[in-house]
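S.K.: Here is what each chain is made of, one letter per residue.
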Amino acid sequence: MADIAAEAAVPFAARQRPPAAVVGPAAWARTNLFGSWWSTALTLLIGYLALRFAWGFVSWGLVHAVWSVPHNDAGQPNSAPCRAVIGIGACWAVISDKYRFILFGFYPYDEQWRPLVCIALFLGLYGVSANRRFWRRELGLVWIAVLALIMLLMHGSATLGMTVVTDDRWGGLPLTLILATFGLALAFPLAVMVALGRRSRTMPAVRLLCVVYVELIRGVPLISLLFMSSVMFPLFMPQGVNFDNLLRAQVAIILFAAAYLAEVVRGGLQALPKGQYEAADALGLSYGRKTRLIVLPQALRIVIPPLVNTFIGFFKDTSLVLIIGIYDLLQSGRAAVDDPVWQGFGNEVYILLAAIYFCFCFAMSKYSRGLERGFSRSRVR
Amino acid sequence: MSVTADAIPEVQSAVKAGAAPAIVLEKVSKWYGSMQVLRDITLTIAQGERIVICGPSGSGKSTTIRCINRLESHQEGRIVVDGTELTDDLRALDTIRREVGMVFQSFNLFPHLTILENCTLAPIWVRKMPKAEAEELAMDYLRRVKIPEQAKKYPGQLSGGQQQRVAIARALCMKPKIMLFDEPTSALDPEMIKEVLDTMIGLAETGMTMVCVTHEMGFAQKVADRVVFMDRGEIVESGTPARMFNDPQTDRLKLFLSQILRGH
Amino acid sequence: MSGTAADPRYAAPRAAPRRRMRLSWSDPLLRNLFWQVVVIGGVVLLVWYLVGNTSRNLQARHIATGFRFLTQSAAIPIGESPIPYTPSVSTYGRALLIGILNTLRVSVIGVVLATVLGTLIGIGRLSKNFLLAKFTALYVEVLRDIPVLLQLFFWYGLLQHLPGTRQALHPIAGVFLSNRGIKLPWVDWERGDTGAVVAFVLGAVLTWLWSRRAAARQARTGVRPATWPVALLLLVVFPVAVWAALGAPFSLDVPALHGFNFQGGITLSPEFAALLVGLVIYTSSYIAEIVRSGIEAVAQGQWEAAFALGLPHGIVLRQIVLPQALRVIVPPMTSQYLNLIKNSSLAVAIGYQDIVSIAGTTLNQTGQAIEGVAIIMAVYLTFSLSISAFMNWYNAHIALVER
Ligand SMILES: Nc1ncnc2c1ncn2[C@@H]1O[C@H](COP(=O)(O)OP(=O)(O)OP(=O)(O)O)[C@@H](O)[C@H]1O
Ligand SMILES: [Mg+2]
Chain A
5 MADIAAEAAV
15 PFAARQRPPA
25 AVVGPAAWAR
35 TNLFGSWWST
45 ALTLLIGYLA
55 LRFAWGFVSW
65 GLVHAVWSVP
75 HNDAGQPNSA
85 PCRAVIGIGA
95 CWAVISDKYR
105 FILFGFYPYD
115 EQWRPLVCIA
125 LFLGLYGVSA
135 NRRFWRRELG
145 LVWIAVLALI
155 MLLMHGSATL
165 GMTVVTDDRW
175 GGLPLTLILA
185 TFGLALAFPL
195 AVMVALGRRS
205 RTMPAVRLLC
215 VVYVELIRGV
225 PLISLLFMSS
235 VMFPLFMPQG
245 VNFDNLLRAQ
255 VAIILFAAAY
265 LAEVVRGGLQ
275 ALPKGQYEAA
285 DALGLSYGRK
295 TRLIVLPQAL
305 RIVIPPLVNT
315 FIGFFKDTSL
325 VLIIGIYDLL
335 QSGRAAVDDP
345 VWQGFGNEVY
355 ILLAAIYFCF
365 CFAMSKYSRG
375 LERGFSRSRV
385 R
Chain B
6 MSVTADAIPE
16 VQSAVKAGAA
26 PAIVLEKVSK
36 WYGSMQVLRD
46 ITLTIAQGER
56 IVICGPSGSG
66 KSTTIRCINR
76 LESHQEGRIV
86 VDGTELTDDL
96 RALDTIRREV
106 GMVFQSFNLF
116 PHLTILENCT
126 LAPIWVRKMP
136 KAEAEELAMD
146 YLRRVKIPEQ
156 AKKYPGQLSG
166 GQQQRVAIAR
176 ALCMKPKIML
186 FDEPTSALDP
196 EMIKEVLDTM
206 IGLAETGMTM
216 VCVTHEMGFA
226 QKVADRVVFM
236 DRGEIVESGT
246 PARMFNDPQT
256 DRLKLFLSQI
266 LRGH
Chain C
548 MSGTAADPRY
558 AAPRAAPRRR
568 MRLSWSDPLL
578 RNLFWQVVVI
588 GGVVLLVWYL
598 VGNTSRNLQA
608 RHIATGFRFL
618 TQSAAIPIGE
628 SPIPYTPSVS
638 TYGRALLIGI
648 LNTLRVSVIG
658 VVLATVLGTL
668 IGIGRLSKNF
678 LLAKFTALYV
688 EVLRDIPVLL
698 QLFFWYGLLQ
708 HLPGTRQALH
718 PIAGVFLSNR
728 GIKLPWVDWE
738 RGDTGAVVAF
748 VLGAVLTWLW
758 SRRAAARQAR
768 TGVRPATWPV
778 ALLLLVVFPV
788 AVWAALGAPF
798 SLDVPALHGF
808 NFQGGITLSP
818 EFAALLVGLV
828 IYTSSYIAEI
838 VRSGIEAVAQ
848 GQWEAAFALG
858 LPHGIVLRQI
868 VLPQALRVIV
878 PPMTSQYLNL
888 IKNSSLAVAI
898 GYQDIVSIAG
908 TTLNQTGQAI
918 EGVAIIMAVY
928 LTFSLSISAF
938 MNWYNAHIAL
948 VER
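Residue numbers (my numbering), protein chains in the order written: chain A, 5 to 385; chain B, 6 to 269; chain C, 548 to 950.
Some chain A residues flagged as far from chain C (calculated, every beta-carbon gap over 10 Å):
1. A31
2. P81
3. D114
4. L120
5. W147
Calculated cross-link-like contacts (lysine-lysine; reagent style DSS-like; alpha-carbon spacing at most 27 Å):
6. K227/B - K151/B
7. K136/B - K158/B
8. K370/A - K681/C
9. K136/B - K180/B
10. K675/C - K370/A
From chain C, some residues computed to sit far from chain A (all C-beta separations above 10 Å):
11. G613
12. L648
13. L667
14. A684
15. V745
16. A791
17. N808
18. I837
19. I842
20. W940
Simulated from the structure, these hints should not be mistaken for lab results.
This structure is a prediction, so every number in the text was calculated from the model and none was measured.
Where is the CB? At the ideal position from N, CA and C, for every residue including glycine.
Using the sequences and the hints, build the whole thing.
M.R.: This is the structure:
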């Protein structure tokens with residue numbers, strides 16, 4: 005509105021400087037740290053606690069920490085230096101000694117480059133999918149190809165001259181990534197169908213089925229589904245047919261994930277303005293085309309941020325599979341300190357695991373928040 | 006909207022000569038961080054006087070009237086409202102907010118209360134009025150703003166113009182001596198603007214001291230005793246509406262008026 | 548509308564014509580029917596197939612289905628039980644009931660504590676104090692992004708590594724932390740204590756009645772009689788007086804070390820304590836976000852309008868801000884409560900005997916896999932559905948009226 009030219013034409017007195025009480029670091033501290041006696045007390049208390057804690061952590065984790073321990077001739081580590089500083093310093097030596105086991109579980113030592121490549125592939129896949137430039141149909145094909153490649157690498161193939169590693173020896177971070185990512189990828193189509201079914205007006209029986217499925221799964225804890233997969237699936241199969249443990253857990257996670265994803269997708273379908281449906285009808289599109297061409301592409305875009313949040317949830321929840329005896333990242337970490345040499349150094353390992361989980365989840369939640377902000381800015385209403 | 010239309014019958018001036026001023030601003034300055042948004046504002050408003058404040062966006066109009074009921078605090082200068090100086094003293098603040106009503110651009114009705122409850126809330130809790138009496142009073146004002154039949158509805162069920170009239174009634178229920186209006190019509194569609202302006206003109210006829218931020222020049226012409234033009238945190242020019250609109254003295258006001266007229 | 552029937556221009560209201568289905572593929576009704584039959588038929592076939600397999604498998608393993616095992620005596624050792632239980636004598640039914648009670652115990656206490664902690668943290672995030680706002684933000688960010696199971700293991704490990712009973716930590720008088728759990732003092736319950744509790748409940752009811760009377764009085768005269776002196780009298784002075792009149796019994800049952808063990812006081816087992824702490828801290832980080840966004844959802848203009856009317860701060864909070872914030876807060880809050888209850892099933896990983904743990908042992912001992920899983924699911928579904936029912940009721944109750 006206001007013309008820039010006009011502003012320049014009008015002479016204007018130089019601005020006064022604000023009184024010192026209003027700006028400057030002292031003023032900042034006065035308003036943000038010492039605004040009232042109550043705020044001052046809080047500042048002092050938190051400042052004191054934070055300094056003490058930070059100092060305690062530095063002293064434990066850095067100053068008095070043991071970074072490596074001597075090994076005897078048989079290659080066995082000697083944890084005596086660590087035991088000497090228990091309660092005073094951290095024993096990071098457990099990590100430098102055991103990190104391969106924590107990351108890869110019982111995967112054969114010489115073949116561990118394969119899960120490492122898989123981790124890289126997963127990270128690449130996430131990175132590509134996060135980039136809005138690549139949100140095209142072809143991305144689905146990329147996912148299928150990469151996931152197949154990961155399966156091939158993990159399992160190996162005798163015809164290609166690779167050692168076959170059966171999935172009872174898989175473990176650690178790649179397994180966690182596999183459970184979460186395959187869970188998401190395979191649950192997603194199911195979730196879309198359930199969400200469409202739940203919104204169907206014309207097929208009450210299908211709608212009822214979808215409602216029951218979603219509410220049933222969301223009403224029970226994941227553990228009960230994992231239990232079901234480990235004790236009931238074997239009963240469901242014809243005699244002689246046997247699924248292995250990992251596959252059963254994966255199926256349970258997919259069924260679990262699909263119910264939650266279906267609700268997310270349904271949210272997207274609901275958020276789509278009614279006019280979009282009506283316009284598609286007016287164009288004379290059939291239900292299938294309308295859904296595929298108009299409704300889903302828009303609805304799925306809306307749901308990407310909540311989808312990422314749901315995925316963060318699954319990523320954390322995959323740790324529950326350890327209850328039915330699968331060596332995911334958390335369980336590998338726990339197993340590492342079952343070694344009599346390292347018993348009692350669980351906290352150091354837990355800190356490492358927490359850091360790994362935190363990095364993944366924090367990056368994803370940061371991304372989803374950024375996306376949400378971007379969406380709300382670009383929304384034209 | 007013609008600036009020179011003097012066919013409109015003006016509302017009789019209600020300024021009480023000789024009475025103590027209703028509002029005094031003396032060299033008021035305010036900063037947000039290091040940005041100065043009010044510069045030495047000096048303005049005396051008599052009892053019963055009707056002031057219209059206008060000026061380009063961001064010139065500090067809202068800030069000025071929000072300082073008058075201390076929704077914002079000023080950092081330099083003095084503000085005296087109805088004989089009470091605005092300081093950090095909470096008791097003074099309570100007194101002033103009782104005497105000063107305010108109407109916002111975005112209505113700010115309480116969505117979880119009915120129209121009637123919106124109007125009776127403050128009389129009940131601040132004026133300690135019995136409920137029946139407060140409801141009677143509220144209905145009285147709702148009748149004056151011509152929507153008594155909406156009393157049992159919720160704000161979400163009303164049109165923008167109706168909501169703003171409820172907001173005016175809600176403020177009047179506190180029987181304030183001074184009313185502040187911050188662009189009460191700029192969130193409204195043209196056909197609703199008139200119903201709100203008519204309400205405000207009706208209020209002006211009762212002799213209420215009013216400070217209005219508005220760009221409705223017709224309203225200013227008809228109602229205002231004085232028009233104050235602000236730009237970049239300063240009062241640039243003030244005078245009677247006829248003088249201000251027909252014979253602007255400063256370039257900034259001329260420019261502003263030409264933009265306003267072009268805009269309409 | 549009364550004249551409509553008499554007016555010949557208006558025929559008697561007539562039901563909409565029912566559309567007949569045509570036997571043609573281009574009839575949408577037929578198509579819908581077809582697809583529904585296909586989907587439902589598919590599901591029925593799948594279930595039939597699975598049931599068939601299952602019954603053959605069960606036969607092969609000589610397992611009889613049914614809930615008869617509930618009345619058999621259970622050989623499950625149970626550490627913490629709110630009701631009497633003797634292993635190998637009491638039934639599986641009773642063991643499972645203990646599991647449910649244990650789940651409820653940790654869930655109810657957890658929900659209350661998580662709400663309090665989460666609300667404080669959420670309000671802290673809105674604080675003007677820079678350090679408090681940053682500290683609470685860090686709390687929320689870090690704890691939300693670490694799996695709850697890992698947190699449980701961490702707390703459990705910490706509690707297990709406490710010194711043994713003889714060197715138990717003793718932070719404040721009467722509290723002992725050792726690897727056998729947390730010992731807290733408890734009052735020896737006597738008649739006077741019961742009297743005081745009854746007096747307190749009575750006082751609470753009377754306070755409520757008084758505040759209703761105060762509201763009525765306010766409506767009538769405009770002046771609201773002060774509530775807090777009466778509340779103080781009824782809730783504090785009255786119970787204390789009753790307690791004193793009944794002889795002022797006061798003897799704390801303070802835990803004390805006798806030989807190798809503690810005597811007196813109450814014990815929180817390491818399992819219970821770790822589960823409770825883990826669930827409360829994890830859930831509170833979610834609740835904090837809900838509370839924060841709920842308060843932020845009340846527009847700034849609402850505060851301003853209320854202040855401009857001269858309403859005092861307390862009334863603004865009570866009458867304007869809280870009612871609006873609660874509408875935003877309650878639905879996601881209930882789903883967090885549900886999550887806490889579901890997450891309490893992780894008890895099985897650290898050996899607290901909740902319903903999942905006891906049902907798991909039961910199904911291992913009896914081989915009744917289907918019944919065991921069904922019991923777990925039924926218990927949780929009952930919790931979930933009752934909480935959802937409450938939420939639906941609440942949502943309908945408070946929905947804002949819109950145009
Ligand atoms: N809370 C705030 N923090 C920082 N700056 C602010 C704040 N509120 C207002 N300002 C700034 O103060 C200046 C004056 O604002 P004010 O709202 O008083 O303008 P206005 O004249 O009412 O404009 P408009 O016609 O657009 O309402 C503007 O530059 C604005 O950006
Ligand atoms: Mg403004």
